[in-house]
Structure formats: C-alpha cells, structure tokens
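Asks: What follows is the residue order along each chain.
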Amino acid sequence: MNNEKELPDNIIAIIIAEHFCQASKEESWQLSGFLLTHSEHRDTVEEYRNLLIDLSKLKKIDPQKAWAFVASASFNNRIKPANRPLYRRWTALAAVLIPLIVVTGVLFFMHRRGPATMENQHAELLSASRQSRASLIMSTGEVLHLDESSKGKTFEKEGARIRQDESDRITYSEASTVSVHTLVTPRAGEYKVVLSDGTRVWINSDTRLEFPTAFPGKERRVSLSGEAYFEVDADTSRPFVISTSAMDVVVTGTALNICHYPGEAAITTLVEGELIVSGKESQQVCLHPGQQAIIAENSSQTYVKDVNTGRYTSWVTGMLMFQGMTLKELAKRMERWYDVEVLFSDSRSQQIRFSGAMKKDKPVSFLISLIEESSDVEFSVIDNKLLVSSPGKNP
Amino acid sequence: MNLTDEQLLSLFCQDEQKGFKAIFEKYYPPLCLLAGKYIADMGAAEDIVQSVFIGIWEGGKLRNVQTSVRSYLSTVVRNACIDQLEKSQKQSEVLQSGMSEAEWLQPDRISDILHFPEKITQAINKLPEGCSKVLHLVYFEGLSYKKTASVLNISVNTVKTQLTRAIRSLRAACHS
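Those sequence lines, one after another, are chains A and B.
Using the numbering used here, read the first sequence as starting at 565 and increasing by one per residue.
Using the numbering used here, read the second sequence as starting at 4 and increasing by one per residue.
The following block holds chain B by itself, in its conformation from the complex (with noise of 0.2 Å):
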C-alpha cells in the first residue's frame, strides 16, 4: 500500500489517528535515514524521529501543511538533527569550526534519501533466485562468506560473484 502525499492528508482528515499512522509507516524508514547522515548513531537517529512525530501529533501540524508533507517531514526532521547537533556541541565544551557537510544536503539528494527505502525494496523483490539468496544471507542474516557458501553449497566465489552482481542491480536502480 503506498499512497501519495495527496491521499495521506485526506485520509488523515478523515481519521487522524489512522492517518497519522498511515504517514509514519510511509516515512518512518526513509526519515530515518535522513536523519542517521547528520547523526552517527542510528539509534539516537531513530529517537529524533520518534520524537519529532510525537511533537508534530501533540502539535497539530499536519492539519496546517501547506507544502508536500515529504517536505515539511524532511524539514522538521533535518532541523532536530541540526539543533541536536548543537546541543551537543554546547555541552562538550568543545570548540567548533565549519559545517559537517551533512547539513548541506540538497532537495533533491534529501528527495533519493528518501525514496532509497522503497526503491531498494523494489530492486531487492527483482532480483534472480540466486542474487536473492545469496543477498538475504550476507545481508539480512549476516552469515559470513564461507558459511553462506556451505549452506547453498556454492563456492565462495559464487558468493562474491552473485553479491556484485546483486549491488550493481541495486545501485542502477537508484539511479533510474
């Protein structure tokens, strides 16, 4: 199920509670990565974006989103990564220079951010039988080489062999 930003609002005003969660099922993923390119942590990425939905619920900001939702989530977003950041700073005392090149992300590098999860997802249901096995061992179940080898009963080789071609399918998917 994957509505539009248009079809997120108007069912969020409908239902807001169904609507909300509608939208955070969309964007938690993609948010969250976005998130972890200005925090190191994925965990404490994953907090801010939990936060941010809390706040933006308590607040009864969607009722007033005027831009694409994919925009005003991504601002909010990027504007607690940055305000965290500085926290941070202030509290560690340390003397600060320049900007992490995180907080110069452009529309549209934040806009593949964001459509990574879903693309990825795609690319990852089309790959051949063997590319996925071999994918979903190394990369979901974390089996070395040489165990995925024995457990497929290829050589390692193989492995390798079936993984690049996996990583090329999905790059040149995030690139279309």
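So that you can see chain A by itself, here it is in the shape it has in the complex (with noise of 0.2 Å):
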C-alpha cells in the first residue's frame, strides 16, 4: 500500500532505537524535524511504532501459564465462577483508564520547565479557544460571515427573511422560494440556526449543514458533514431527514446528536423521541431515548446502543467531554476544537488515555495543563504547533 512512501533507513532507526529507549536527544529531534517537513509519511511512521508496540505486547504473553489457568478453572467442574482466583487480579481501574483529571475549575500551571518562557512568546497560539463564528453560503455562492458583532441584523437573501437573534444564532422565517443554504463552522468554532419549520440545531466545530430555506414537500431534509444537535420541530406528516454520507436518519420530531466527521463513525445519539437510522450500506435500525448508533467507517454494521445522553449532548450545553481517550484521539479533538495542530515526538504519549471535562470557553492552555499535570508527557511549540513529548525527548 505505502511502496512509494518507503522512509529512509536511518528514520526507521530512529524510530525503532525510541521504541527501545536508545534514541539520543538529537535523533529524536532529528525525527520530529522529519515529521514536519515530511507530514505524508506520518502514517507510515505511526505504523513502524505499532509494528514495535505490538511486538512487545506479543512478547509479553504467556500462553503456556495462561492455559495453566484456564485449563484448572475450566475442566475442575468443583470451582464456582464466584470463589476461582484469577491468575492475576484484576489491576486497579488506573491501569486500564490512566491517568484521571479531576477538574477543579481553577487553572494553573506546573512550573517545570520555565513555562513563562513559552507563555509568552507563544502567548498567542495557547490562548486558542472557542468562537461563535460561522458563514452562511447561498445557492449562488455569495458568503455571509457570521459573528457576534452582526447581532440584531435581519438579511434577505434569495426570498428567505434571516434575523440574526442572538449573537450566536440565525433564524430563517417563512421564505417565498426555496433555495439551499449551506452553514459551515470553522475549526473552534460553533453556531446555532433555528431553520424555516422552527427545528433548532446547534452546530459544533468544523461542521457544515446544507438545508433548504423553506419544507414545502412532504419530507424535510438537511445535509450534514461533522456534529450537530437537533431539536426537530414535531411533524408526524412531514418526517425530518438528516443525510449524511453514511446514513439517513429519519425523525418525526425529536432531539438528537448526530456527530459523522469525514473518515469516522457515525453516531446518532437519540434524546427524545423516536428515529430510524437507516445506513447506506447497513441495515435500517429505530432508536429508542437513550440509545445509540453507531456505523464505523466503511462499515455494513450498525451498531445499537443504550448510553447516557447526556455524555453525548453536553458539548450543547458548554461543557467539552472525554472518557477515556488516548492522548493520540484528544489530540484530534483538540485540533477541532482549537484549531490548533499537534504532533508526537513518540508513539508512547499517543497511547495514554485520559478522562475529563473542561468548560469549553476555556482556552486551550487550560486543557494543555491539565494533561500535563496529570501525565509526564511535555507540551512545546515548534513552528506554531504543539508538540507532545515524552520526557526526556524535549528539545
């Protein structure tokens, strides 16, 4: 698959000397330099790591002692599933969700390594955080770009009457013809449109709805590509249809999250109500409140299941989220909610998970020093990046 992006021998040696904790300063330095210069072979370098993670996992399995285990407590018919020890006890829940960031509100910084140096002349790009910013695209093509100083403005474009009500909202009344509208949110930001029917979506990061500015017909539907929340104005006779490139979703009135970003999963989280997820390529399945489906990327399968919703819709309410996530997923997220762009200097911080929640009008400073005090792992700026490093492997 990745012929033509063969690397050269003496990265590979980096990467595998990091593996074993034999890279020097200056080779591990000399791949993050690589990395930057070189961001088309990123996925190939991920692979070598897991080819070692892997290895060493493999490395550390006993088949022989394991079947020593299962054997006794399988084949001794006396030994009740309730009193069996287990070869090993089951390790504390740190081990397998590590580490924990309890949040407490209040920030502040751990002062390892001189961090006023890098507040200030990166004061800049750590004090990212989230806006209220949006444009609005007409089937034309002309752009309106919405913020929080247009507030109180009422537009017409293309027969629809758009009032901007809030300053992080728009709403379209009635409209004379019916024209598509599409509103894309860029990276950090969010937005909320209340469209013609009166269905009410809040709109989360690096997202774009397409929808028509009137419902005449016997089906409302919308495009979306990212994650929204919709509370859907009840019309049984009209069902409302969100479309993403994985599914349909069906609802006749109800409150739903529904978060597909291109190259993942699509997960539909029901509220209230009632919906039908029907997949392109899977089969059709109907939710009930407080389930969940989920169709992986380029899958036939979607998945059902009962959660709590409110892990799923609190990004509506101001509060970012994340159970158990490796550094190398938070750090997707922070890209989205930040827009900021992070790189590892190893594989071994990728893989660190972390649990928490944070305000979401914290700047993205406040989330970078909760995972430092919680972890070992360094944030640095290169370039106006962030790079994420292991100790020891900081420039």
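Treat the hints with care, since some could be wrong.
[Claimed, not checked] Derived DSSO-like pairs (lysine-lysine); straight-line CA-CA distance at most 30 Å:
#, chain 1, residue 1, chain 2, residue 2
1, B, Lys-64, A, Lys-844
2, A, Lys-629, B, Lys-129
3, B, Lys-150, A, Lys-589
4, A, Lys-621, B, Lys-149
5, A, Lys-589, A, Lys-629
6, A, Lys-924, A, Lys-756
7, B, Lys-136, A, Lys-629
8, B, Lys-24, A, Lys-621
9, A, Lys-721, A, Lys-782
10, B, Lys-150, A, Lys-949
11, A, Lys-624, B, Lys-149
12, A, Lys-624, B, Lys-150
13, B, Lys-64, A, Lys-869
14, A, Lys-624, B, Lys-129
15, A, Lys-844, A, Lys-869
16, B, Lys-64, A, Lys-621
17, A, Lys-896, B, Lys-90
18, A, Lys-892, A, Lys-623
19, A, Lys-756, A, Lys-896
20, A, Lys-623, B, Lys-21
21, B, Lys-21, A, Lys-629
22, B, Lys-90, A, Lys-621
23, A, Lys-623, B, Lys-136
24, A, Lys-623, B, Lys-149
25, A, Lys-892, B, Lys-90
26, A, Lys-869, A, Lys-923
27, B, Lys-122, A, Lys-892
28, B, Lys-129, A, Lys-623
29, A, Lys-624, B, Lys-21
30, A, Lys-892, A, Lys-923
31, A, Lys-896, A, Lys-924
32, B, Lys-64, B, Lys-21
33, B, Lys-150, A, Lys-621
34, A, Lys-896, A, Lys-869
35, A, Lys-756, A, Lys-715
36, B, Lys-122, A, Lys-623
37, A, Lys-621, B, Lys-136
These aren't lab readings, by the way, just hints derived from the structure by calculation.
Please dock the two separately framed chains into a single complex, following the hints provided.
Replies: Printed below as a string of structure tokens:
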C-alpha cells in the first residue's frame, strides 16, 4: 500500500531506537524535524511505531501459563465462578484507564520548564479558544460571515428572511422560494440556526449543514458533515431527514445528536422521541430514547447501544468531555476544538488515556495544563504547532 | 501445528477438552493483541481473554458456533473489552464523550491483528542470522545497543543497521 512512501533507513533506525529507549536527544530531534517537513510520511511512521508496540506486547504473552489457569478453571467442575482465584488480580482502574483528570475549574501551570517563557512567546497560540463564528453560503455562492458583531441584523437572501436574533444564532422565517443554504463552522467555531420550520440546530466545530430555506414538500431534508444537535419541530406528516455520507436519519419530532466527521464513525444519539437510522451500506435500525446507533467507517454494520445521552450532548450546554480517550484521539479533538495543530515526538505518549471534563470557553492552554499535570508528557511549541513529548525527549 | 478453524471444530466434536486446548493455543496470543487495542494494560487484556475462554467453556458455546471460530472469538473478546471499559467508566464517575478509536476496528483490521503473531513468527524465522541475533538480544533479551554490540563483537552502528533491516522485513511480512 505505501510502497512509494518508504522511509529512509536512518529514520526507521530512530523510530526503532526510540521504541527501545536507545535514542539520543539529537536523534529524536531529527525525527521530529522529519515529521514536520514530511507530513506525507506520518502514517508510515505510525505503522512502524504500532508494529514495534505490538511486537513488545506479543513478547509479554505467556500462553502456557495462561492455559494452565484456564484449564484448571474450566475442567475442574468443582470451582464455582464466584470463588475462582484469578491468575492475575484485576488491575486497579488506574491501570486500565490512566490517568484520571479531575477538573477543579482552577487554571494553574506546573512550573516545570520555565513555562513563563513559553507562555509569553506563544501567548497567541496558547490562548486559542472557541468562538461563535460561521459562514452562511447561499446557493449563488455568496458568502455571509457571521459572528457576534452582526447581532440584531436582518438579511434578505434569495427570498428568505434571516434574522440574527442572538450573537450566536440565525433564525429563518418562511421563505417565498426554496433555495439551498449551507452553514459552515470553522475549527474552534460553533453556531446555532433555527430553520424555517422551527427546528433548532446547534452546530459544533468544523461542520457543514446544508438545508433548504423552506420545506414545502412531504419530507424535510438536510445534509450534515460534522457534529450537530437537533431539536426537530414535531410534525408526523412531514418526517425530518438528516443525511450524512453514511446514512439517513429519519425523525418525526425529536431531540438528537449526530456526530459524523469525514473518515470517522457515524454516531447518532437519541435523547427524545423516535428515529430510524438508515445506513447507506447497512441495515435500518429504530432507536428509542437513550439509545445510540454507530456505523463505523466503511462498515456495513450498525451497532445499537444504550448510553447516558447527557454525555454526548454536553457540548451543547457548554462542557467538553472525553472518557478513556487516548492522547492521540484527544489531540484530534483539540485540533478541531481549538484550531491548533498537534504533533507527537514519540508513540508512547499517544497511548496514554485521559478522562476529563472542562468548560468549553476555556482556552487550549487550560487543557494542556490539565494533561501535563496528570501525566508526564510535555507540550512545547515548534513552528506554531504543539509538540507532545515524553520526558527526556524534549528539545 | 497449525489447524484450520474447520479442523479445530471437528477436533472439538471428537474430544472437547483436546479441541478447546487446540483452539486456545491458536487463538490466545492473537486475541490478547486484539484486547490490547481496547485495554491499555496487557495484564488486564490477558485477564479478559482468559475469562472469555473460561466463559465459553462453561457455557458450552463452542458447540453452537455457526460462523467461523475466528469471528466468534473476536466478537466475544471485543464485547468483553467494551463492557469492561464501560464498567470502569461508571466506577470512576467521570463523564464521557465520544468513542475511543479502537472500538471501530474494521473486520479486515481485526483480521490483520489476529494474523499478526503467526506472520511475525514466520518472518522472524526467515531473518538472516546477523539480523536475527541482534533482534533476539535487543527485543527478546532487552539488552541495550551498547551491550548487544559488545556481546556480538560488532559496532553499535551495525546493531542499528541490522535492526532496521529486521524491522523492515517484519513490516513487509505483515503487509503480504
């Protein structure tokens, strides 16, 4: 698959050395530099790192010992499950989900590396925070930029009357003709829109919502790429359909959250009412409140599970949450929430898991300090990007 | 001895304990690797796989396997891992958002993971002697590059070169 993208020998040598903790600072520096200038090779570097990790994991597995235990527990009928001694004790929660971040709401930096220097030099990058911003694109291609400054204004676009009734929301009244408008939020942006039928939509970062200015037909249909929360105006005679690249979600009057970013799984969470998830490649499922449907990327399977819906809709009311998430995954979210770029200088730090919750109006420096406080990874800034490293490997 | 799923099931029909052992021997390491994608700690991952096997034996589940042994086992392990992750979440009382990427492992990715131990073992056996010795000392024995170089009477640079060659071969083997 990646034959054209083979890495130079010296780079592979450094990746291997880092895995076995034999790399010098200069070598790690070299690898970071390589990644910065050759972003097309990131996936291949990842592959090598994962191969080495799996190799090491494999080494630890002792099938003989494990079989001795499994055989005695299985074939000896007198041992009841409740009394069975475990070969290994269930490790404490900390080992499975490490580490735990408890949010106190107080911002403080750990003075480990003279952060004052980093703060001052990179104040702008570190203060990156979320904003209410969006672009509205008419079917003609005309673009309207929306932010807090245009509050109270009314626009007439293609027969539709659009009022910015709040600093972070636009409301459509019934339109005389039907045209398609697209609301786009940038990274670190979010916005709200009330459609002409009264349906309210909260739109998260890096998201596109395409919708008609009026719904005259038997069906109300919109398209979504990214994440949005819908409170659909109840109308059983006119089902509301939210279409993403993987599915159509049909609702008659409900509150739901849909998260489907390109290249990721499509996750539909139902808070109230009823809906049907019709996967384009997978089977139809009907959800009841408290349930979630997940269609993995390129999958023909739709999984349904029971969830605590508050966890998936908290972003609407002001909290960003993550649970048992690897730093690699969390970094992806950071990029989307704050419009920053995050690079890793080693693979170990990517695998550390974090759980936490924070108010979404905090700047990215807050999240960085939370991560640094509860683990040994360190953040630094290179070339206006955030670099994550394990101790000892910092430039 | 590498039996196919069909052969394993037929062995199981003839002699359940023997068949169970054969299935365990074939699938334990790959399933631990799979569990390791969900659970950070390998010890806990192994616990889960062991519990899965014990549960399968106690419930007589193998008698009814319709799909392949491989898909059945990987599904049960996957579900057990997700259950464990969710149970831990409730205990820690920390609020949750989003899914960890590991939950969305695709069938062909799962297949890659399950075949990994076998492919790696074969690839390691095919390595030229120089590479193989260096890999053995650094990887299996955990020696530093310096120590390895001194034991084999070669330079540290040669150690690095041999390792690079070895890992390249292993990666190529996994892609085949």
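Asks: With reference to the structure, classify each hint as holding or not holding.
Replies: A quick look at each hint next to the structure:
1. B:Lys-64 / A:Lys-844: Given that 30 Å is the threshold and the Cα spacing comes to 33 Å, the pair is violated.
2. A:Lys-629 / B:Lys-129: holds (27 Å)
3. B:Lys-150 / A:Lys-589: holds (20 Å)
4. A:Lys-621 / B:Lys-149: OK: Lys-621 (chain A) and Lys-149 (chain B) at ~24 Å, within 30 Å.
5. A:Lys-589 / A:Lys-629: violated (39 Å)
6. A:Lys-924 / A:Lys-756: Holds: Lys-924 (chain A) and Lys-756 (chain A) sit about 16 Å apart, inside 30 Å.
7. B:Lys-136 / A:Lys-629: holds (26 Å)
8. B:Lys-24 / A:Lys-621: holds (22 Å)
9. A:Lys-721 / A:Lys-782: The given pair, whose Cα atoms are some 24 Å apart, holds under the 30 Å limit.
10. B:Lys-150 / A:Lys-949: violated (38 Å)
11. A:Lys-624 / B:Lys-149: OK: Lys-624 (chain A) and Lys-149 (chain B) at ~23 Å, within 30 Å.
12. A:Lys-624 / B:Lys-150: Within the cut-off at roughly 22 Å; holds.
13. B:Lys-64 / A:Lys-869: At roughly 23 Å apart (the allowed maximum being 30 Å), Lys-869 (chain A) and Lys-64 (chain B) satisfy the hint.
14. A:Lys-624 / B:Lys-129: Within the cut-off at roughly 22 Å; holds.
15. A:Lys-844 / A:Lys-869: holds (19 Å)
16. B:Lys-64 / A:Lys-621: holds (28 Å)
17. A:Lys-896 / B:Lys-90: Status holds; Cα separation ~25 Å.
18. A:Lys-892 / A:Lys-623: holds (24 Å)
19. A:Lys-756 / A:Lys-896: With a Cα-Cα distance of about 23 Å, the restraint between Lys-756 (chain A) and Lys-896 (chain A) holds, given a limit of 30 Å.
20. A:Lys-623 / B:Lys-21: Holds, because 26 Å separates the two Cα atoms, which is no more than 30 Å.
21. B:Lys-21 / A:Lys-629: Judged against 30 Å, a Cα distance of about 17 Å means the pair holds.
22. B:Lys-90 / A:Lys-621: Answer holds: Lys-90 (chain B) to Lys-621 (chain A) is near 24 Å, not above 30 Å.
23. A:Lys-623 / B:Lys-136: Since the Cα atoms of Lys-623 (chain A) and Lys-136 (chain B) sit roughly 16 Å apart, the hinted pair holds (cutoff 30 Å).
24. A:Lys-623 / B:Lys-149: Cα-Cα ~22 Å, so holds.
25. A:Lys-892 / B:Lys-90: Holds. Lys-892 (chain A) to Lys-90 (chain B) sits at ~23 Å (cutoff 30 Å).
26. A:Lys-869 / A:Lys-923: Roughly 27 Å between the alpha carbons, so the hint for Lys-869 (chain A) and Lys-923 (chain A) holds.
27. B:Lys-122 / A:Lys-892: Given pair Lys-122 (chain B), Lys-892 (chain A) holds - Cα atoms ~27 Å apart, limit 30 Å.
28. B:Lys-129 / A:Lys-623: holds (18 Å)
29. A:Lys-624 / B:Lys-21: Holds, at about 25 Å.
30. A:Lys-892 / A:Lys-923: holds (21 Å)
31. A:Lys-896 / A:Lys-924: holds (16 Å)
32. B:Lys-64 / B:Lys-21: Within the cut-off at roughly 15 Å; holds.
33. B:Lys-150 / A:Lys-621: Between Lys-150 (chain B) and Lys-621 (chain A) the Cα gap is close to 23 Å, so the pair holds against 30 Å.
34. A:Lys-896 / A:Lys-869: Since the Cα atoms of Lys-896 (chain A) and Lys-869 (chain A) sit roughly 24 Å apart, the hinted pair holds (cutoff 30 Å).
35. A:Lys-756 / A:Lys-715: Measuring from Cα to Cα gives roughly 13 Å; hence the hint holds.
36. B:Lys-122 / A:Lys-623: holds (14 Å)
37. A:Lys-621 / B:Lys-136: Within the cut-off at roughly 20 Å; holds.
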